[in-house]
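Read top to bottom, the protein sequences are chains A and B. For the numbering used here, count along the first sequence from 1 and bump the result up by 3. For the numbering used here, count along the second sequence from 1 and bump the result up by 3.
No wet-lab data here; the hints were simulated from the structure. Keep in mind that a hint or two might mislead.
Since the list gives no way to pick out one identical chain from another, each pair is judged satisfied if it fits inside one copy or across any two copies.
[Said to hold, decoys possible] With a Cα cut of at most 27 Å, we get these calculated DSS-like pairs of lysine-lysine: (1) LYS45 <-> LYS5; (2) LYS352 <-> LYS237; (3) LYS171 <-> LYS129; (4) LYS298 <-> LYS54; (5) LYS177 <-> LYS150; (6) LYS336 <-> LYS150; (7) LYS96 <-> LYS171; (8) LYS352 <-> LYS298; (9) LYS5 <-> LYS55; (10) LYS298 <-> LYS150; (11) LYS218 <-> LYS352; (12) LYS218 <-> LYS298; (13) LYS55 <-> LYS96; (14) LYS129 <-> LYS150; (15) LYS129 <-> LYS352; (16) LYS171 <-> LYS5; (17) LYS54 <-> LYS93.
Protein chains: 2
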Amino acid sequence: MKTGILGGGQLAGMLVMAGIPLGFDFTVLTPDSESCAAQHVKLLLSDFTDKKALHDLADWSDLITFEFENIPAESINYLERYTDVRPGLKSLKTSQDRLHEKEFFSGLGIPCVPFYPVNSLKDLHKGADILGLPAVLKCRTHGYDGKGQVVLRHIEDSESAFNLLGSKPGILEKLIDFDREISVVAARSISGETAFYTISENIHHNGILHFAMTKPCDPVQEQAEFYARLLLEKLNYSGVLALEFFQTGDSLIANEYAPRVHNSGHWTIEGAKTSQFENHLRAISGMRLGSTALKSVAATVNLIGSVPDRAQIPGNSNIYLHDYGKAPRPGRKVGHITVCADNMRDLGKLVPEFLIRQQLMK
Amino acid sequence: MKTGILGGGQLAGMLVMAGIPLGFDFTVLTPDSESCAAQHVKLLLSDFTDKKALHDLADWSDLITFEFENIPAESINYLERYTDVRPGLKSLKTSQDRLHEKEFFSGLGIPCVPFYPVNSLKDLHKGADILGLPAVLKCRTHGYDGKGQVVLRHIEDSESAFNLLGSKPGILEKLIDFDREISVVAARSISGETAFYTISENIHHNGILHFAMTKPCDPVQEQAEFYARLLLEKLNYSGVLALEFFQTGDSLIANEYAPRVHNSGHWTIEGAKTSQFENHLRAISGMRLGSTALKSVAATVNLIGSVPDRAQIPGNSNIYLHDYGKAPRPGRKVGHITVCADNMRDLGKLVPEFLIRQQLMK
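Using the sequences provided together with the hints, build the complete structure.
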């Protein structure tokens with residue numbers, strides 16, 4: 004199966020690693036010759052908007068997918084004329100615009116934080132009035148890892164907040180108190196089969212995911228799956244998708260979804276019977292989905308800034324290094340470690356130890 | 004860690020897949036542009052004897068290893084002048100010559116089948132007389148997958164047997180009745196740490212391994228580890244090694260060893276906490292060894308001739324496909340399937356089902 008991937012980061016790299024044993028052949032389109040997927044696969048170096056390159060990729064591929072959601076929708080639209088792109092345009096476009104995403108959630112009855120569209124300073128004032136402060140003003144598009152958002156605590160800061168985000172169309176979201184953040188990674192195949200991984204509890208720091216820990220038998224698993232299934236069905240989705248929630252009390256409030264494999268699901272490589280990467284490829288290519296059952300409880304610990312010395316990785320342990328092959332840089336996600344354990348107690352002990360050792364707990 | 008690999012088959016491919024997440028960078032030297040490792044990594048196309056290419060590889064590499072044992076010893080000797088080659092020359096050379104290998108086993112007190120060196124037809128007669136018939140006449144070098152050997156049942160067939168193997172230096176080995184074939188995959192790091200995987204019981208057909216099934220808590224595990232440890236120590240070995248045995252009653256009789264990752268250990272990718280491929284790289288690069296403990300009981304089923312249609316792979320199961328990306332050809336090892344199960348009873352049920360489905364049980 005000749006599969007084109009748009010985007011050349013670590014997600015593309017891990018898709019390739021999962022697909023080669025299944026007999027997939029890959030080409031990665033990326034504008035960046037330093038893409039870390041270059042370790043694994045041939046790159047087609049080009050902007051995502053270059054028609055010639057897109058056409059070449061479509062021509063070569065039986066199937067195209069993408070590893071991040073900021074691919075221009077017009078490019079997907081163009082590619083869909085020539086070949087199958089999975090997940091398709093609707094799933095991508097809805098996730099690209101925070102307003103459309105929230106409206107889509109609301110339309111399906113998936114609870115989300117109260118929000119108000121902001122096209123002008125006047126809208127912002129009105130929104131602040133309706134929702135109450137504090138609230139978060141976010142760009143509608145191109146936000147990730149905490150970028151493109153500002154917390155508004157006092158109405159008199161409205162103008163500077165609006166200016167800070169470049170006076171672009173935005174969305175004001177009520178800042179809610181929540182008990183924790185969780186996500187569910189879900190898969191749906193082209194024949195409509197669905198599967199769900201064990202939810203993870205996610206800890207962010209400066210807007211970047213720092214660790215994600217599986218929560219087997221959690222009371223909100225069923226609720227998370229219910230909303231994720233609804234989303235998959237209504238998007239007529241194929242592939243893997245991650246749906247992030249805030250939890251307050253017993254209730255889940257959808258935050259956003261990513262129409263792709265997701266950082267909070269990296270633990271599935273070692274911790275689940277089938278990784279999210281393999282299941283994404285199974286889902287989009289007409290294979291049956293692999294089992295999402297746990298092999299062991301597991302956590303993903305992101306490596307921010309630099310990768311530890313390999314010689315420091317303990318032996319004979321349940322610690323698995325994933326070095327993305329990126330140059331070290333403060334604040335950059337350069338790899339992750341999966342920690343597996345026989346039970347949550349052991350996992351709870353191992354993970355903080357690792358966080359401290361990696362100086363992630365700053 | 005820049006690591007050169009001599010040989011570009013599936014073993015090189017799986018080493019690369021295991022090494023990339025650990026931050027290894029690879030170059031594969033192979034004479035064959037169709038090498039299946041080409042899916043994963045840049046190839047240096049050259050004969051194994053080309054000094055210029057060897058020098059280029061040594062120059063680029065921090066470390067060199069090999070994926071099969073028929074690399075000319077002179078090439079390893081040459082490379083060792085410029086960089087570290089692990090496992091080294093002695094481990095390779097001893098395994099390349101069946102006579103030296105058996106003499107080495109005997110010298111260490113590792114039981115092996117009675118044997119007799121054959122340099123002439125006269126030697127063959129004498130050997131047949133001493134060992135008794137039936138016996139197997141084997142080439143001393145370059146035999147694999149049942150090639151380069153002939154069973155001698157009647158003394159009057161000696162001349163034709165000797166001619167059949169090209170009148171080359173050989174070894175006559177007593178053909179013994181055995182209950183089963185097993186192997187142990189073992190690792191030793193450069194600091195001398197050792198680790199052993201659960202033994203596997205191996206079923207061959209026409210000289211090719213068809214399946215290998217883990218045998219946890221087997222009474223001969225300890226005996227197999229004892230001999231393997233002895234071998235690792237006396238070779239001052241670094242890397243992964245497989246030692247194959249015949250078992251008769253409670254006793255193990257060493258057949259041969261492979262100074263590399265081994266087909267009977269492919270199940271470790273899904274079935275063990277650390278795969279043989281990762282542990283080979285850990286062992287040769289100064290890392291601590293990873294745990295060899297079972298994640299689940301597992302078996303490797305080789306795919307001979309062709310790979311099944313991906314759409315036929317059952318979903319939601321414990322079946323893992325490894326397609327080597329080779330052109331199908333009768334008798335060719337083109338991939339393998341790992342079957343995992345919670346217990347031996349389930350594994351026993353799954354594996355025959357798969358063997359039958361793959362028409363391996365002919």
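For each hint, the structure was consulted:
no. : hint              : verdict
1   : LYS45 <-> LYS5    : both (12 Å within a copy, 19 Å between copies)
2   : LYS352 <-> LYS237 : neither (40 Å within a copy, 40 Å between copies)
3   : LYS171 <-> LYS129 : within (16 Å within a copy, 93 Å between copies)
4   : LYS298 <-> LYS54  : neither (44 Å within a copy, 47 Å between copies)
5   : LYS177 <-> LYS150 : within (17 Å within a copy, 73 Å between copies)
6   : LYS336 <-> LYS150 : within (14 Å within a copy, 50 Å between copies)
7   : LYS96 <-> LYS171  : within (18 Å within a copy, 70 Å between copies)
8   : LYS352 <-> LYS298 : both (19 Å within a copy, 20 Å between copies)
9   : LYS5 <-> LYS55    : within (19 Å within a copy, 36 Å between copies)
10  : LYS298 <-> LYS150 : neither (35 Å within a copy, 40 Å between copies)
11  : LYS218 <-> LYS352 : within (15 Å within a copy, 32 Å between copies)
12  : LYS218 <-> LYS298 : both (13 Å within a copy, 20 Å between copies)
13  : LYS55 <-> LYS96   : within (22 Å within a copy, 53 Å between copies)
14  : LYS129 <-> LYS150 : within (24 Å within a copy, 82 Å between copies)
15  : LYS129 <-> LYS352 : neither (48 Å within a copy, 67 Å between copies)
16  : LYS171 <-> LYS5   : neither (39 Å within a copy, 47 Å between copies)
17  : LYS54 <-> LYS93   : within (20 Å within a copy, 57 Å between copies)
Checked against the numbered hints given earlier, the structure breaks hints 2, 4, 10, 15 and 16 and satisfies all the rest.
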